[in-house]
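> Using the sequences provided together with the hints, build the complete structure.
Note that the working numbering has the sequence shown beginning at 1, numbered continuously upward.
In short, the hints are calculated from the structure, not lab data. We put the beta carbon where it would ideally sit given N, CA and C, even for glycine. Among the hints, a few may not be true.
Unchecked claim - Listed next, with one range per pair, are the computed distances between beta-carbon atoms: (1) Q9 with E133: 43 to 51 Å; (2) G201 with R122: 23 to 31 Å; (3) T210 with E133: 20 to 28 Å; (4) E213 with R122: 17 to 25 Å; (5) T107 with S198: 17 to 25 Å.
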Amino acid sequence: MEFRIDAAQRNFRDEVCRLLRSERSAKIIGSTGRFADGGDALAWELYQDLGERGWLAANWPEHLGGVDRTVLDAAAVTEELHWHGVHDTLHVVTVDFVGYFLLLAGTPEQRERHLPAMAAGRSFACTLHSEPEAGSDLAALRTTAVPQPDGGFLLTGTKLWSLWTDRCDVALCSARVPTPGVEPTGADGITLFLVSMSAPGVLVDPVATTADEQFAEVRLRDVRVDAADVVGQVGHGWALLTSVLAIERTGLEQSAKIRHWLDVVVAHARATGALADPAVADTVAALDAEVEAARLMSWRCLSDLHHGALDPAYSAMAKYVASELAERIADLAADLAGADVAVPRSAGATDGGFAEWIRREAPGVSISAGTSEMMLQIVAASRGTGAVA
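Written out as structure tokens, the structure is:
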């Protein structure tokens, strides 16, 4: 499908850039691709600056906190945030994943209750899908949602690898509503719920990883949710998840992230003279072309989404290509940094600790939103159907 950027879209992107390059934003965004000293708390200020203008969720209706722009404009905001060095996972999960999910599948009451605060940067959301023994295989989830006489449910189970739970007010949670006398398999009974992270029975324990972002294990112990907290129909969560996960896997976040990473690595190589080495220059040129190709794949997905025709297999391929490039860029950064790859920012690495940071971050890029193995499985399953072209 043909894709073109019109003047209105270019002007909107330019406005976003001016905000991100303003003196106030410069004090927030760090020069090495992370927030400046002061930590992630400064992110909330930047999110709120965007939220005041309706740009944090630009494609949402005005009455829900957006400015009625297209999904392409919203993608431009996400891309520019990454390109300007904003560690943007919280916004991506809240607005691009959970918020967009509610926009598509939530009830009017759910949208009014949650979306305006998300769009303003005052409320944040996480997802509760992965489990200790299920991982990314949602069909194997064990968390149960037991129906109650008044129409509510009691949720019990354990979720893993949830991001920024300490900052989030609400979670989109997948659980299985059991059928008496029937052993559940696959998608049977899977239902989606909105869960307050401050509800009684929600227990959060930090999980140590190599990443800077805080992951957590979330245990649900008879957590009460009302009928109004069910997203979609009871037992039909699988169909909702598979359709919206394809939207999550356009590769936008990954392609924007790796473009910023490569640009920072190349700038450092130029400053140190490493780029004068023909072997380094050749590697950089090849990576640059592949990163741009990954971006174009992502924007083809976004254009298809804009026109209502997103191909899940192609979006999985776009996400896979960008994710795998993250590892190669991190390897290049490590090679150029030498011994400094083991030196964090706080210890005075010559590249500001950037190589050390992305070396730790890169593995997560190929895991979040579905592992590379899952993406390949989706692409392989489409063979012979003409789905990927």
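> It remains to establish, for every hint, whether it holds in the given structure.
Against the structure, the hints:
no.	hint	verdict
1	Q9 with E133: 43 to 51 Å	holds, 45 Å
2	G201 with R122: 23 to 31 Å	holds, 25 Å
3	T210 with E133: 20 to 28 Å	holds, 22 Å
4	E213 with R122: 17 to 25 Å	holds, 20 Å
5	T107 with S198: 17 to 25 Å	holds, 22 Å
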